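S.K.: First to last, the sequence lines map onto chains A, B, C, D, E and F.
Positions in the first sequence are counted from 1; adding 152 to them yields the working numbering.
Positions in the second sequence are counted from 1; adding 152 to them yields the working numbering.
Positions in the third sequence are counted from 1; adding 152 to them yields the working numbering.
Positions in the fourth sequence are counted from 1; adding 152 to them yields the working numbering.
Positions in the fifth sequence are counted from 1; adding 152 to them yields the working numbering.
Positions in the sixth sequence are counted from 1; adding 152 to them yields the working numbering.
Fair warning: there could be bad hints in the mix.
Which copy? The list can't say, so a pair holds if one copy fits it or any two copies do.
[Claimed, not checked] Here are the simulated SDA-like cross-link-like pairs (lysine to any residue), alpha carbons at most 20 Å apart as the crow flies: (1) K301 with V332; (2) K322 with N218; (3) K154 with D226; (4) K154 with S228; (5) K334 with Q369; (6) K232 with T474; (7) K483 with T251; (8) K232 with E475; (9) K154 with T227; (10) K232 with E258; (11) K483 with R364; (12) K322 with R480; (13) K322 with Y259; (14) K451 with Q338.
None of these hints come from the bench; they were simulated from the model.
Computed from a prediction, not measured in an experiment: that's the story for all the values here.
6 protein chains.
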Amino acid sequence: MKVVTFGEIMLRLKTPEHLRILQTRDFEASYGGAEANVAVSLAMLEDPVSFVTKVPDNPIGRAAVNEVRHYGVDTSYILKGGSRLGIYYFEKGSNIRPTNVVYDREYSALSLAEASEFHWEEILEEGDIFYFSGVTPAISAHMKTAVLKALQYSRNHGVFVVCDLNYRAKMWSSRQAQTVMKECMQYVDLCIANDEDFEATLGIPAFDGNMRTGIQQMDTYKKGMEEILKQYPGCKSVASVLRNMYTVEDGDWMGIYLKDGKFYESPIHTVHSLEAVGAGDAFAGGLLHGILRNFEPQKTIDFAITASVMKLMIQYDFNIVTEEDILRIMKSSNTNLQR
Amino acid sequence: MKVVTFGEIMLRLKTPEHLRILQTRDFEASYGGAEANVAVSLAMLEDPVSFVTKVPDNPIGRAAVNEVRHYGVDTSYILKGGSRLGIYYFEKGSNIRPTNVVYDREYSALSLAEASEFHWEEILEEGDIFYFSGVTPAISAHMKTAVLKALQYSRNHGVFVVCDLNYRAKMWSSRQAQTVMKECMQYVDLCIANDEDFEATLGIPAFDGNMRTGIQQMDTYKKGMEEILKQYPGCKSVASVLRNMYTVEDGDWMGIYLKDGKFYESPIHTVHSLEAVGAGDAFAGGLLHGILRNFEPQKTIDFAITASVMKLMIQYDFNIVTEEDILRIMKSSNTNLQR
Amino acid sequence: MKVVTFGEIMLRLKTPEHLRILQTRDFEASYGGAEANVAVSLAMLEDPVSFVTKVPDNPIGRAAVNEVRHYGVDTSYILKGGSRLGIYYFEKGSNIRPTNVVYDREYSALSLAEASEFHWEEILEEGDIFYFSGVTPAISAHMKTAVLKALQYSRNHGVFVVCDLNYRAKMWSSRQAQTVMKECMQYVDLCIANDEDFEATLGIPAFDGNMRTGIQQMDTYKKGMEEILKQYPGCKSVASVLRNMYTVEDGDWMGIYLKDGKFYESPIHTVHSLEAVGAGDAFAGGLLHGILRNFEPQKTIDFAITASVMKLMIQYDFNIVTEEDILRIMKSSNTNLQR
Amino acid sequence: MKVVTFGEIMLRLKTPEHLRILQTRDFEASYGGAEANVAVSLAMLEDPVSFVTKVPDNPIGRAAVNEVRHYGVDTSYILKGGSRLGIYYFEKGSNIRPTNVVYDREYSALSLAEASEFHWEEILEEGDIFYFSGVTPAISAHMKTAVLKALQYSRNHGVFVVCDLNYRAKMWSSRQAQTVMKECMQYVDLCIANDEDFEATLGIPAFDGNMRTGIQQMDTYKKGMEEILKQYPGCKSVASVLRNMYTVEDGDWMGIYLKDGKFYESPIHTVHSLEAVGAGDAFAGGLLHGILRNFEPQKTIDFAITASVMKLMIQYDFNIVTEEDILRIMKSSNTNLQR
Amino acid sequence: MKVVTFGEIMLRLKTPEHLRILQTRDFEASYGGAEANVAVSLAMLEDPVSFVTKVPDNPIGRAAVNEVRHYGVDTSYILKGGSRLGIYYFEKGSNIRPTNVVYDREYSALSLAEASEFHWEEILEEGDIFYFSGVTPAISAHMKTAVLKALQYSRNHGVFVVCDLNYRAKMWSSRQAQTVMKECMQYVDLCIANDEDFEATLGIPAFDGNMRTGIQQMDTYKKGMEEILKQYPGCKSVASVLRNMYTVEDGDWMGIYLKDGKFYESPIHTVHSLEAVGAGDAFAGGLLHGILRNFEPQKTIDFAITASVMKLMIQYDFNIVTEEDILRIMKSSNTNLQR
Amino acid sequence: MKVVTFGEIMLRLKTPEHLRILQTRDFEASYGGAEANVAVSLAMLEDPVSFVTKVPDNPIGRAAVNEVRHYGVDTSYILKGGSRLGIYYFEKGSNIRPTNVVYDREYSALSLAEASEFHWEEILEEGDIFYFSGVTPAISAHMKTAVLKALQYSRNHGVFVVCDLNYRAKMWSSRQAQTVMKECMQYVDLCIANDEDFEATLGIPAFDGNMRTGIQQMDTYKKGMEEILKQYPGCKSVASVLRNMYTVEDGDWMGIYLKDGKFYESPIHTVHSLEAVGAGDAFAGGLLHGILRNFEPQKTIDFAITASVMKLMIQYDFNIVTEEDILRIMKSSNTNLQR
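The task is simple: from the sequences and hints, build the whole structure.
M.R.: Structural data, given as structure tokens:
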């Protein structure tokens, strides 16, 4: 069973520790993006996976490819060309100080690529699952077309489609998102929807915007999840992360999985995070792994949310944890120092 | 409206992370001091401000000036001369381990300067507010004289005077402090008094020394604030920070502002700090900004305490936050990751 | 009064911050091991102490010796020879993510040394206290013999023997440990037993394995401590650390000391740790200091547990705190920033 | 006498040491650009100078402004707006391995600015010298217009114009450059022309492209310099740097200055450089300083070339040397350690 | 055309800059070994290549695999098992101070592996070239057997065999080396022999041990090369690097290639190196690339020696240069800064 | 045979790489001073040695003591007290850019100590050699007295006295130096005199101040050395380092030793240094080692100058080289990479 993910990878320039950009003279360079992150999650879990994107044919683009290949992701379908890799500057917040992201992603190689550059019949030939997030069609009209082409191929060739709605207000308006994502949803088998995604991308109410009380809103979440299945009958399951966030680091996290008409709820994890980036992608990675390995639905959602909260303890964008790491946390009620 | 601040700036040599001085082979070099910190706070808030001091005419002194100018503070009245810049070594504590500061500030350029080197009629000519803290007159007899000269000039020329009592037991005894500060208070328009400052510098009881219960002592604080206005009729307002400190990082913070006979109380902020240095200076900076921008008293104290707790999340001595940053925290009951 | 400690010192290679080994391109190098850590604790407390081990006669071995000597430990009895210094790789966990240690200590100089290389009549000639932990006899059959030789010499020459049972499941089985440690215990005057040590090394039940409720198990702990004194009549006192661990960093810590038929209990310290390594060794160091300085038993156990929780706030393996540092924490109910 | 410089400032992202971009996980961040570099050179030499540019109103843009202000440059005419700051990635070469620069400067705030945003009558009101390099008009058609507007204002108001031809093959073709620069040269009082600049921007032959024998080509250089004065009668002087480069670091450097019909030649400096960036800008800075301070022409060219070779020993883009530093090197035939 | 290389990969722990091990508190971690280095050289040159080894199934072993895969080497035949990865500590010398390497490679996973674990019929099935160096059979008797098995398979299946004699006095005596390498040479098609390799591994005199005059000994080198072909008729070509080393960094380098009875000599490169590790492996990589791409013999040896001297300018063990980088140096007689 | 050295140890704050103080935000902290450096040289060479000084009883002072003890120097006679440790800021030059040192050593613990605090009858009781440099009596009148007391004790008790004249123009004038050093020389058995020391401290001409031609001035040097023996008949031998310095790093170095009426000249070492600090102290250390081990005079001077040039390749103030390291360089005409 092989997974193919499609999206943009960017250079992340993070200040050391919690320095502000105004204070720094160094940036830590790493690479990430929703679909690359999911691919690395799967490679770490020893699932065959290929990441598809376009990067400039210069040292920055090559470095991005190498970092993904480093962890075992197949990079042979990545295109080279265009002039620049998108960048995001990253200032890690602390407690009441929010994390700050400055995007410099316009004019990237992928955003200027044409839909026709991606040959899905070749890329997806050996693929069993196709994964993308709402970020990809938000990049450009061409990328929207490229996603739809991949979805059509998948539908026609029995490739299972997973979509994380993943709304980004900095990239498009809710109105634009709805136009595109409602079309994409016609082809989706498994949908991941969190927080504002329900409303912003599908117009379905589920979450009231209060990040301190996500878990208390479980009922409206569940209604939203059922509504998705109702409106998109091709879609057979939905998974969501519910969170109560008290500070930048402190929160309660749980996952819900609606499958075959039944809801599966994970335990609630109360955590203090180290770096709150990519937790949603780690959730998607864990979910896909459960599906690939035929875990029971309850184990699948437990595994996915544990993968997600483990990511909160891992620096950079990729979730560098093994299946054994995740299973150990799932089993233990304790954590202790091993020496 | 332009602010002038006057005091010492030192080289801070901090060990990396939480290393002890005995463990380190590197020091992070930055520069700070109460009045320089207030000046940078104001420059970050886009208020015109000039910092006045004396530094040695060597690379260390020049670096101190550059760091302040970096953020937009006017440094044209800084004197050059003398042999050394004062130093403070800084070991950041953690939880039950207190932060440790080792002073090496004797014989500094400012401490050996003469009062007559500062020409207030020129420095304060375009000044609307003069700010100093109790640290400055504690440096030397000459600095005490220099402060008094500035105060007299201010009184005579309508410059509004703000004083943070800022008692430092490592620099002078309470008896010495009272002799000097009681004289200075004759000229002060707005007084900032925290914790032990009431008693140590003015002989007015307000705080019992228990750092875990500062907020519970609000009543005695308020009495102390009223007593200040009573004893120093030229002084028309007093502001204080009240804290309950549970560990080096964990505490509850609030501000009180007594103005025109009325007390204004900020909300309580419960925070886990990143670096507990310069929070008092950030409070002063926020307060001055509120006054400069004619905020309502309630908004002024809310802004000042938010600036102060934001500083707890910022490394080094300067409060590198914008007005927009502070207003966003004031408005949000939530903090969330932006990407 | 001079202390001699005997055991292995290893090179610790820690990733920066909380990076995983798979993510790092740098290792922070330091040196540590139970008995070296105790020796440095005592040197920091200004007690004369000698550390005995064997290291390879190459730059790695010499660096290990230098680091111990750095803090004032006598290193004149350390042997040079063999081919390598043992290594442990160290990934610091965070919250729900456990700390991960990868051992590479096989074939070390000490593990391949012969018992006859250590001349105890010379080494212990001026020694008043001999300290070892259960790690040392676990290293090899020769090291077991070397320990027993030292114990016999001590018994015959009035050297007071302190043993921290210190069970390591990665080094030997409980069955192997019991065979050896029961023999060693015939010579021990003061025994330190924590958590699983009771059962694993002496077959005495005391702790049920649940790290979240160590303190609630005080009664069974006390029974275990009494049982030790009963089974080993030469042993006159036992000390234990009891912990409730909630996350990798968060826990409650207390110490119990059974001496002359009476139990002494320390206060409970609720702490959030910075680096949870060597806290047990710091406890042993504090205990030995109390004995060397003839502290009352209550003060001894209070001092030892405070030394132990202070270590949680100190990076690397050694407890770089002075007696003054520990006494200040014992006295204060508050912690506050000094500047 | 005040200087105004106009051009682009970029974020420089340099790998540590000599790492390749493919090897790095960190970038050293600094800011630079020909005209910003000249401005900082002058500020370090205590000459009043203002730098004019446009940067995005985000933390990256603000950081660029702060770095220039840090050293005392007036930044009050810098515009804020647009979406991004240009970037250049920098891999420092070594010996036979060339330094490698990867540009990511397209779509920068300045390149998308309109010429009309710069109000020269205000900016140049107090200016005595206007400095720009050939990089600025190469950025965009609008920037070409902005430069010409500044030149016309200068001509009309007696502002002395200095232009470093500074050809960049990565930015425009020789044909494009000639069209623009020949027009600009109508307004230039002092021209700096190095290496390929003569031919590429003005179509005047002077240098054959062999970097190992620049100094041996002094005669053709001189002819080229005279030809400039002949073709552009408004231009009264020309200065050039001649180099023999043997490796990335090793070379011989000299300056020639043609003024009032006479050539002034500096001594030859044989140097091994630390970081070969910005040496041309440092030369321009030194030259301007000589003019501002009315140095004799011989001293002017000696000072300029010494400033230039000093820059080779200074990291980052700015020439952090004082007048005293430069004069000391000019005087000494020896260099020795001072302690 | 696909290459397979077989040998050990180790963790390299280098002190920062030129620090001695006794001075450092940090190690830079990278991975390398002759055959891994050759594999990465080829991957950088876009030649298909697989590296075969055995590493422990722990994070250190996995990191080694990831680093090689990072650059595009196929790692699917790497075995996992055993207890440790070999280590070498590395102190970079300077001028007259020699570089110092401390080996800690005993008991590594590969050294304790059995020959039968490597299934050459599978590994070499698609291989066209098999590469190993004299380091591999020096590791253990089993590795000697494994190499011979691979050689026999290669001979029987038309796989071209390349051997770098690569004598290591720290691993075996000349007598041991000769016994083994003479047997291996029966199967070698192309032999690389440098410096002492001729005598130490084959008993053929060629080099007198004086590193300052390697190039002057070209005649004896050539005789040694001819003697190899004479003694081992299956071997059809020999390549050698000749060096005059004046300091740790300064030297003259050239390559000689004997093929079809004719000698091809490269130009001499006079260089000052940045990090003199892996230059021999880079030479082998360049040579293999020339053969794979059917370069003329003269171009092959020129390319190989240029690849080798480029490596002297690249940090860590791998030669991170592209074909374009090498060809540019071959063409230029100049090196100059590009900006 | 035990050596005692007496002098000041300072905190050295060095910018990273070659950064200027104006550019840095970090300082590398180490400790050094002429007599501490000599002590560490001897400890590295396994000679018993004690260093005597006074440091403040704070973490900075303790760290200085620990660093010296680290390498095996006896620190039991170091006094604790006073308020500060002297500092020197260090900017490493490059090629034509001179190294820059900024002293901040006034008011140090040693400079304010009283002569009577040093009890020489106890300190020197087991000493065989007493070493000091001209820096120590330059510190204060009290230190001059302390040195003289030590010299008188040495003369009376057969302790061999070694003095490195070590003139520092930043500390005293030549006139002051001569008054003091001429008196000290009455007690000196072996004198080390370099460069300007002859004239500045003893009024004896030897060196004309041209650092490029020190070796060519060998005749006047020899005359100066003979003159010392003539004027100070108690002094039986003199050693000098002669240098031709071409850049900050490049120079020729040799040593001359006049003993029993005969001159011994070392070979000339042509070197490119890494960090030109403490080479004179390393020379003194090598010389003392030769005397302690009864090397022949020729071997003594060869060993001393090799130790000195080795120091040029070692970072920080201490010469971290073993006897084996030095002997290897003395023997080899080659340097090559070992792997």
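S.K.: Confirm or reject each hint.
M.R.: Evaluated hints:
no.: 1; hint: K301 with V332; verdict: within (13 Å within a copy, 47 Å between copies)
no.: 2; hint: K322 with N218; verdict: neither (28 Å within a copy, 27 Å between copies)
no.: 3; hint: K154 with D226; verdict: both (10 Å within a copy, 19 Å between copies)
no.: 4; hint: K154 with S228; verdict: both (14 Å within a copy, 17 Å between copies)
no.: 5; hint: K334 with Q369; verdict: neither (24 Å within a copy, 58 Å between copies)
no.: 6; hint: K232 with T474; verdict: between (30 Å within a copy, 16 Å between copies)
no.: 7; hint: K483 with T251; verdict: between (32 Å within a copy, 16 Å between copies)
no.: 8; hint: K232 with E475; verdict: between (32 Å within a copy, 17 Å between copies)
no.: 9; hint: K154 with T227; verdict: both (13 Å within a copy, 19 Å between copies)
no.: 10; hint: K232 with E258; verdict: both (17 Å within a copy, 19 Å between copies)
no.: 11; hint: K483 with R364; verdict: between (27 Å within a copy, 15 Å between copies)
no.: 12; hint: K322 with R480; verdict: between (37 Å within a copy, 17 Å between copies)
no.: 13; hint: K322 with Y259; verdict: both (15 Å within a copy, 19 Å between copies)
no.: 14; hint: K451 with Q338; verdict: neither (28 Å within a copy, 51 Å between copies)
Of the numbered hints stated above, those contradicted by the structure are hints 2, 5, 14, listed in ascending order.
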